[in-house]
Amino acid sequence: MVNKWSDPNWKSTTDKNKANREKCKLTAPAIFLCLHIKKTGKEPDPIVTFKKFHVKKANGEFTTPKAQTIHAEMKNKEAEKLSQGEKVN
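First residue of the sequence shown? That's 1 in full-length UniProt numbering, and the numbers climb one at a time after it.
Source of the hints: derived by calculation from the structure; they are not laboratory data.
Treat the hints loosely; a few may be bogus.
The calculated lysine-lysine pairs, modelled on BS3-like cross-linking and capped at a C-alpha distance of 30 angstroms, are [stated by the list, open to error]: (1) K4 - K38; (2) K4 - K39; (3) K57 - K75; (4) K18 - K51; (5) K56 - K39; (6) K77 - K38; (7) K77 - K39; (8) K66 - K81; (9) K42 - K81; (10) K77 - K87; (11) K52 - K42; (12) K56 - K18; (13) K42 - K18; (14) K38 - K87; (15) K4 - K18.
Computed spacing ranges between beta-carbons, pair by pair [stated by the list, open to error]: (16) N59 - A19: 22 to 32 angstroms; (17) S6 - T69: 21 to 31 angstroms; (18) T63 - V2: 33 to 43 angstroms; (19) T63 - S6: 28 to 38 angstroms; (20) V2 - P65: 24 to 34 angstroms; (21) P8 - M74: 23 to 33 angstroms.
All C-beta atoms in this analysis are idealised placements derived from N, C-alpha and C, irrespective of residue type, glycine included.
Make a model of the complete structure from these sequences and hints.
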């Protein structure tokens, strides 16, 4: 077992896996969508879904500044469409 952990190929693979895990910034499981649809009979609002997947439960903050910016842009576009009398899902 120790030989396997010392192998350069193994170390390379584990380093890549660690880096990939750190890239993931989602906070909610994908099952959220399925449960919501099953419970309510309709798909959740895209903005609500985005926020659910990108806000930490512990402190209510967005996982990244980019996620916060995208959410703000989505809200602005929604408000703009509503002010023009367009339907927003």
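Quick rundown of the hints versus the structure:
no. : hint                          : verdict
1   : K4 - K38                      : 45 angstroms, violated
2   : K4 - K39                      : 47 angstroms, violated
3   : K57 - K75                     : 20 angstroms, holds
4   : K18 - K51                     : 25 angstroms, holds
5   : K56 - K39                     : 23 angstroms, holds
6   : K77 - K38                     : 28 angstroms, holds
7   : K77 - K39                     : 28 angstroms, holds
8   : K66 - K81                     : 23 angstroms, holds
9   : K42 - K81                     : 21 angstroms, holds
10  : K77 - K87                     : 12 angstroms, holds
11  : K52 - K42                     : 16 angstroms, holds
12  : K56 - K18                     : 21 angstroms, holds
13  : K42 - K18                     : 37 angstroms, violated
14  : K38 - K87                     : 24 angstroms, holds
15  : K4 - K18                      : 17 angstroms, holds
16  : N59 - A19: 22 to 32 angstroms : 25 angstroms, holds
17  : S6 - T69: 21 to 31 angstroms  : 44 angstroms, violated
18  : T63 - V2: 33 to 43 angstroms  : 36 angstroms, holds
19  : T63 - S6: 28 to 38 angstroms  : 35 angstroms, holds
20  : V2 - P65: 24 to 34 angstroms  : 42 angstroms, violated
21  : P8 - M74: 23 to 33 angstroms  : 45 angstroms, violated
Hint violations for this structure: numbers 1, 2, 13, 17, 20 and 21, all remaining hints satisfied.
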